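Novice: For the sequence shown, the UniProt record's numbering gives the first residue as 1, with consecutive numbering after it.
Some hints here could point you the wrong way.
[Unchecked claim] Quick list of the computed label-pair ranges, beta carbon to beta carbon:
no.	residue 1	residue 2	range
1	V216	Q389	48 to 56 Å
2	V90	E304	34 to 42 Å
3	N231	K341	22 to 30 Å
Rather than coming from a laboratory, the hints here were simulated on the basis of the structure. Bear in mind the structure is a predicted one, so any value in this text is a computation, not a measurement. No residue lacks a Cβ here, since even glycine has one placed at the ideal position from N, Cα and C.
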Amino acid sequence: MLNNLFTKLEGYYDEMVSIRRYLHQHPELSFQEYNTARFIQDYYEKLNIEVKGEVGGNGVVAKVYGKKPGKTVALRADFDALPIQDEKDVPYKSLVPGVMHACGHDGHTATLLILAKTLNELRDELEGNYVFIHQHAEEYAPGGAASMIEAGCLEGVDVIFGTHLWASEQTGTIQFRTGPMMAAADRFEIEIQGKGGHGAQPHKTRDAIVTASQLVVNLQQIVSRKVSPVNAAVVTVASFIAENAFNVIADKAKLTGTVRTFNEEVRQFIEEEMQRIIHGTCYASDSSYQFDYFRGYPPVVNHEKETGILIRCAQFVPEVKNIVETEPEMGGEDFAYYLEKVPGTFFFTGAKPIRKEDGYPHHHPKFDIDEKAMLIAAKTLGSVALNVQGE
1 MLNNLFTKLE
11 GYYDEMVSIR
21 RYLHQHPELS
31 FQEYNTARFI
41 QDYYEKLNIE
51 VKGEVGGNGV
61 VAKVYGKKPG
71 KTVALRADFD
81 ALPIQDEKDV
91 PYKSLVPGVM
101 HACGHDGHTA
111 TLLILAKTLN
121 ELRDELEGNY
131 VFIHQHAEEY
141 APGGAASMIE
151 AGCLEGVDVI
161 FGTHLWASEQ
171 TGTIQFRTGP
181 MMAAADRFEI
191 EIQGKGGHGA
201 QPHKTRDAIV
211 TASQLVVNLQ
221 QIVSRKVSPV
231 NAAVVTVASF
241 IAENAFNVIA
251 DKAKLTGTVR
261 TFNEEVRQFI
271 EEEMQRIIHG
281 TCYASDSSYQ
291 FDYFRGYPPV
301 VNHEKETGIL
311 IRCAQFVPEV
321 KNIVETEPEM
331 GGEDFAYYLE
341 KVPGTFFFTG
351 AKPIRKEDGY
361 PHHHPKFDID
371 EKAMLIAAKT
381 LGSVALNVQG
391 E
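Using the sequences plus the hints, can you model the full thing?
Specialist: The structure is reproduced here in structure tokens:
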């Protein structure tokens, strides 16, 4: 049946590309993906596949039932875009100003739709049931996974798998990892309130820029001097806002940034240490402050058994040339929420464009993928889903 699955997927490759390019031209931002969700739901309805929309927001869930008893396997793809202007010179360039699929979610959606179509055609031979989770709002916390789970998308599910098309790796590469693979992704905002005044009379002010600058330096010491080197962590101050005329000392300054961790104890420690450092720095400058810490997605922690199934199955996908254990990735992914509820694994499918000049990182205005990677992703996910039944 695996060969039959692969042959059918190859036959639908042109349709897969067509879907991906349509979605690439019509991107929608997180929590605003109404037309995309309708497109996905319509696709399933035309195939007479059971489907439900508005799951936990804009989420869509479809189900294919095999004729033979077995496990229920969930497969997930996300479909939101980013607030980035598409700068590629391609026929399928985004038609929406300031919005583009700069992370491959259009490819994820096309991959899952065609895989669902193919498995539905094989349903008389299938063991178990297959749940296709099309998730909205992965890019922006609180994301769509948690609300879809709350709405019941994992009810009856025994195991879940997902992949991310990874444009930094060559097509034909599958990257896996057992245990922590992607980091918890938190963000913070710090507002400093000092006392402004004339630039020529600093002694009569409490300079918010000086205090905020000290904070930028002091916060860097958390990871370098307070966290054990064996525990990966990042504290990044990403923006510093304090606009004034050239001769005015600022009374306010705002810092925003992100914290990335894998260990919950380290995550908690960093939040507490930030609070201590901010308090001390502002106390020393006689300034007040507002500190807000927003917990984002938890770390993606892959399960050992399911990761092993992925490794074995990827070996039988003809287009897969390299199966590599990857280092932990400090980026975040709300696939983490699914893995907290049911066993599964999340992996990367290499999708680096063939032409070197087309290779740009994720979230870049000229980001693109090698569309052949979608076929590899579909074959790998399909193979894993089928092989779970024998475990």
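Novice: Hint by hint, say whether it matches the structure.
Specialist: Structure-based check of each hint:
One distance hint, 48 to 56 Å for the beta-carbon pair V216 and Q389, holds here, with the actual separation near 54 Å. In this structure, V90 and E304 meet the distance hint of 34 to 42 Å, their C-beta atoms being roughly 41 Å apart. A beta carbon spacing of about 25 Å between N231 and K341 agrees with the range 22 to 30 Å that was offered as a hint.
The earlier numbered hints are all upheld by this structure, with none contradicted.
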